[in-house]
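Fit chain B to the given chain A structure using the hints.
Those protein sequence lines, which keep their order, are chains A and B. The first sequence begins at 160 in my numbering and counts up by one. The second sequence begins at 160 in my numbering and counts up by one.
A hint or two may mislead.
No distinction is drawn between identical chains; accordingly, a pair holds when it is met within one copy or between any pair of copies.
Quick list of in silico lysine-lysine cross-link-like pairs, DSBU-like style, CA-CA up to 30 Å [said to hold, decoys possible]:
1. Lys-270 x Lys-207
2. Lys-229 x Lys-212
3. Lys-234 x Lys-270
4. Lys-269 x Lys-207
5. Lys-201 x Lys-270
6. Lys-212 x Lys-198
7. Lys-207 x Lys-234
These aren't lab readings, by the way, just hints derived from the structure by calculation. Keep in mind the model is a prediction, meaning the values are calculated, not measured.
Protein chains: 2
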Amino acid sequence: MKNILIIGATLLLALSVMQCGAPQTSDNMITHTVYFKLKHPKGSEEEKAFIQKAVDLGAIETVHNLRSVKEVSPKNNFDFGLIMQFEDQAGYDFYNNHPDHVDFVENVWKKEVVDFMEIDYVPNE
Amino acid sequence: MKNILIIGATLLLALSVMQCGAPQTSDNMITHTVYFKLKHPKGSEEEKAFIQKAVDLGAIETVHNLRSVKEVSPKNNFDFGLIMQFEDQAGYDFYNNHPDHVDFVENVWKKEVVDFMEIDYVPNE
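Isolated chain A, as found in the complex (with noise of 0.2 Å):
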């Protein structure tokens, strides 16, 4: 009985502790992607910099699980994907009407972006 007891408590502390990835998986929330391409050349400190600020918008409250990427497909015209997640619309609209990415959309997207396109899906059940 005592070592059941152990195996159980054991079991839950390992499942609390580790959470089992979920934060990172959350195949619930609403997942947002905006796949673009700059204007400055490839590897400039420009682009590091743009991508940079990007990434800085996942200190947003609202924010979960943001990833910069690189678009590999040669069928589209894209070069980089911003990857984020929200619990749900409100969180989203968060994050669309917060004044950090309000300022990036109008003195850093809108002047160094040169084309785009966003995706948003949810789990299709």
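Using the frame of chain A, we list chain B on its own:
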């Protein structure tokens, strides 16, 4: 001492059973995504049948973490998405050339999809 062994064994068991979501969050893989619009009416049996056939491609050995998603942004023309991951380009090529995939593309995709875009990405590091 016996209890420590039990705790250790239980933790190992938990780790091996749960795998901590790693396969779902393999950020080092190539992520292949395709967003598309079908010719079928929304919610139709034909639509469901198409999605099922697409999801069935997840059985190909090198496909990981296949997900069927609904596109929800009004900023593009797509209604659905299919997301999958490959460990490397060889795995991607294996999928592309697999008879089940070739058959799907020729006899299902080309006949039922009216618009699509493919986007593939890897981590930007």
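So which of those numbered hints doesn't the model satisfy?
Going through the list in order, the structure violates no hint and respects every one.
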